[in-house]
Amino acid sequence: MMMPWRIAHQLRKVGVLGMNARNGDYILPFNPRKLYPLVDDKLLTKELAQREGLATPELHAAFHYSGEIRRARELIDKYDDFVVKPANGSRGNGILVIKGRIGDNLRLASHRLMSWDDLRFHMENILSGIYSLGGQEDSVLVEYCVEFDRVFENITHLGVPDIRLIAYRGVPVMGMLRLPTSASEGKANLHQGAIGAGIDLASGRTLTAVWRNSVVHQHPDTLAEVSGIAIPHFDRMLEIAACCNAMTGLDYIGVDLVLDRSKGPLMLELNARPGLNIQIANRAGLAARLEAVDRAGIAQRPAPERITFAKHYFGAAGV
Amino acid sequence: MRNLHVYLLAAALAAIGLGLTAYKHFVVGLPFIEKASVSAWEVESEVRVAANGGPLKLSMFEPQDSREFSVLDTRIAAPDFGITIAPEGANRRLNLTARTASGVMVARQRFLVHRNEVRAPDRRQLPPFPQEITLPQTAQSIARTLYAAAHAKSADDVSLITVLLRDLTSPDRSANVRFLLGDDRSPRKIASLAAQILRVNGRFARAVHGVDLAKTGISVNTKTWLEAVVGDHWQAFSAATGEPRIPRDYFAWWRGDAPFAKVDGGKADRQRIGITRVEQTVLRRALALGRHQGAFLTNYSLYNLPATQRGVFRVIMSIPIGVFVLVLLRNVIGLHGVGTFMPVLIALSFRITHLLWGLVLFSVALAAGLIVRLYFEHLKLLLVARLGAIVMFVILFLAAVTVLSDKVNFEPGLSVALFPLVILTMTIERVSVIWDENGPAEAIKLAVLSLIIAAFCYVLMAAPPVQHIFFAFPEMILVLMALTIMVGRYTGYRLSELVRFKILAEPRQ
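Residue numbers (my numbering), protein chains in the order written: chain Y, 1 to 319; chain F, 1001 to 1509.
These aren't lab readings, by the way, just hints derived from the structure by calculation.
For clarity, every value in this text was computed on a predicted model and none was experimentally measured.
Beta carbons: idealized from backbone N, C-alpha and C, even for Gly.
A few of these clues could be false.
To be verified - As a list, the in silico BS3-like pairs of lysine-lysine whose alpha-carbon atoms are at most 30 Å apart:
{"id": "1", "chain 1": "Y", "residue 1": "K99", "chain 2": "F", "residue 2": "K1380"}
{"id": "2", "chain 1": "Y", "residue 1": "K311", "chain 2": "F", "residue 2": "K1153"}
{"id": "3", "chain 1": "F", "residue 1": "K1057", "chain 2": "F", "residue 2": "K1153"}
{"id": "4", "chain 1": "Y", "residue 1": "K263", "chain 2": "Y", "residue 2": "K311"}
{"id": "5", "chain 1": "F", "residue 1": "K1502", "chain 2": "Y", "residue 2": "K13"}
{"id": "6", "chain 1": "F", "residue 1": "K1057", "chain 2": "Y", "residue 2": "K78"}
{"id": "7", "chain 1": "Y", "residue 1": "K311", "chain 2": "Y", "residue 2": "K13"}
{"id": "8", "chain 1": "Y", "residue 1": "K78", "chain 2": "Y", "residue 2": "K99"}
{"id": "9", "chain 1": "F", "residue 1": "K1262", "chain 2": "F", "residue 2": "K1189"}
{"id": "10", "chain 1": "F", "residue 1": "K1189", "chain 2": "F", "residue 2": "K1153"}
{"id": "11", "chain 1": "Y", "residue 1": "K311", "chain 2": "Y", "residue 2": "K78"}
{"id": "12", "chain 1": "F", "residue 1": "K1189", "chain 2": "F", "residue 2": "K1215"}
Claimed, not checked - Distance windows between CB atoms, simulated:
{"id": "13", "chain 1": "Y", "residue 1": "L75", "chain 2": "F", "residue 2": "L1382", "range": "20 to 28 Å"}
{"id": "14", "chain 1": "F", "residue 1": "P1440", "chain 2": "Y", "residue 2": "P37", "range": "40 to 48 Å"}
{"id": "15", "chain 1": "F", "residue 1": "P1464", "chain 2": "Y", "residue 2": "Q218", "range": "53 to 61 Å"}
{"id": "16", "chain 1": "Y", "residue 1": "L59", "chain 2": "F", "residue 2": "L1379", "range": "30 to 38 Å"}
{"id": "17", "chain 1": "F", "residue 1": "L1379", "chain 2": "Y", "residue 2": "L75", "range": "25 to 33 Å"}
In isolation and in its complexed conformation, chain Y is listed as follows (with noise of 0.2 Å):
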């Protein structure tokens, strides 16, 4: 039994982020609350990323009207697989995917079957703001399906699996890889019960993971290895996060990522206030990093000078 000041002085030498330190002393100062709608919206953000270059997944339809949803069959019946999500919806509240039809009733990932009106029904409750952060009136997005990279076949169940990476101030300083699990019924949101497995900056290699606070190295459900496993076109990865903060002029944003196996790194959305299980799946702290690069004074380098600082100091040999 480790007493509470070991504890805090212990994670305070590890460099251990917390959440007061997040908020008082890297998203209050460096996010301006005026830019959230940015990455709130996903429409904005997708919107943003095109103009950047960035790929994202492509958008079948976007709906914002009660009256609009009853043309939704007509406009999207021709996508076998797509994603319904919130524009504005947080950790993974609302988002639908469907894969296949069975009869007239549509396929959920989760092998649950819905008929068109019931997905019509959930639209109409995201339009009315009950995914949305505030309560706020929300629109709807129908987006292509991604189709994970096979190197995931093994470590995944019903969902698609992300990689989260988090840039301040340009620099990639952490990243975690995603794995639904059927307790998460099939969302990459650790607190949903999704397996975060850290990653190494240097080579793209995914280290220990956690899963519901423990460390675990297999899968629950597959039991396949989740340690040890190259993520393909991670520098590409590590690109697309370097630019983001210059692009939505947020310092400190938490980027979500998918690998398609055809289009590659595709980036999902962003996050103004990436939560802290990252370093739990990483077992390393945020704020020492965050710390090396206001010190390293890298952030005003350009672009692949800041891959290199991070690949250099926030492998698994490094902080």
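Starting from the known structure of chain Y, arrange chain F on it as the hints suggest.
Quick look at chain F alone, frame taken from chain Y:
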């Protein structure tokens, strides 16, 4: 830089808050403990007059504040009389007049005497006082002889007066003294004579009449002592012993040689002074004294509000402590319930329903609301319509509970009022939104946690000592504000994070 600013602001707020609190406690006298009590005296004087049938003029003395005592709540009960109060020399005289009066007329005055905790500043300037000399010519020369003898036997003004008084009271009195005093050797006569002798010799002196507050009773005797100017102030001397001090319970009422009551057009039948000791809370005394002295902080305090607003503000002023608890819970402990300050609002509604019944009511209504929500989910209703239907159900449910409670005479069941109802429906709305967003486990966890936090806040906010502190010393909220601002810049770990990140503190295996 930012932190320095925060610390300075917090320090300034805390200093103002604590400073005002200390001032109000130590100088104004507001107690930290509401029920602390102190004794005061209720003095009543009664004069009965057998009227002649014609115009009647009755006058008596009104007590005044002194350095040692304050006179409060003076009430005069004299039906059928016209009442005027006028200053007369060092005294204030209460004049009661009637055009035609017959039979026995009664006039009473009643007042409260408080001992001043902090003595009023001594007025250096001496009040004007008539130096009338009533001794006849021959007596005046004897007075000069007595004064000269006392002067010869003394060293200074105080000892001179002491010696003079001893000469007047000693059993083997000189022929001179016997000539002036006659057979009357009461303190009243001695004080009055000593004052005359001193005045004949050009000194300021007067007899003082009052009561001994230590001797309570329905009818007490008046006491008389001597006051003379020594140096720059009036010094009291005991007429019986000549000592330059009087017991601390002697309360001065009027000065000079006049009797207490004067009657014109009738005959003084009987007069009496009664004293009772009363226990009064320190709080009441401080407020009464403050109003009496016109103290700014008392006149512009929450205590001066009408009773209903006072009750409301007693509750409102206790909200900051609940809010502060929530700030601590979230930023230092890492716990939070539904909404930002919802538990404080729930705690406020517990004030109306009381804790136990409030907890039962909230749990049952919450559970009922959520069960209905579960059912509505199958109907695929849109968010706002579904919430609306849930709110309506909750209102019907509470109406049913109240009606049933009335039928079986279950008193607490009738305590549902507008405020708890509004808070209850808001809570159910929030919990169902959380249920939709984060699933039932999270919703139930947050709901239970909210009720626990609310119960804790209620216990704290409803505690009479806490309410008293924030009502009597609203500036204590500045201190809480200073602490809250400090917590706002606390960037250390939350207690919950020590558990959450514990694995990072352990050495890698």
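Here's how the hints hold up against the structure:
1. Y:K99 x F:K1380: 23 Å, holds
2. Y:K311 x F:K1153: 107 Å, violated
3. F:K1057 x F:K1153: 47 Å, violated
4. Y:K263 x Y:K311: 24 Å, holds
5. F:K1502 x Y:K13: 13 Å, holds
6. F:K1057 x Y:K78: 112 Å, violated
7. Y:K311 x Y:K13: Distance ~22 Å between Y:K311 and Y:K13 Cα, so the pair holds.
8. Y:K78 x Y:K99: 12 Å, holds
9. F:K1262 x F:K1189: Satisfied, since the Cα-Cα distance of roughly 18 Å is no more than 30 Å.
10. F:K1189 x F:K1153: With a Cα-Cα distance of about 23 Å, the restraint between F:K1189 and F:K1153 holds, given a limit of 30 Å.
11. Y:K311 x Y:K78: Between Y:K311 and Y:K78 the Cα gap is close to 43 Å, so the pair fails against 30 Å, i.e. violated.
12. F:K1189 x F:K1215: Answer holds: F:K1189 to F:K1215 is near 22 Å, not above 30 Å.
13. Y:L75 x F:L1382: 20 to 28 Å: 21 Å, holds
14. F:P1440 x Y:P37: 40 to 48 Å: Violated - the Cβ-Cβ distance for F:P1440 and Y:P37, about 31 Å, lies outside 40 to 48 Å.
15. F:P1464 x Y:Q218: 53 to 61 Å: Given a distance of about 59 Å, which is inside 53 to 61 Å, the answer is holds.
16. Y:L59 x F:L1379: 30 to 38 Å: 32 Å, holds
17. F:L1379 x Y:L75: 25 to 33 Å: 27 Å, holds
Hints 2, 3, 6, 11 and 14, counting from the list given before, are not met by this structure.
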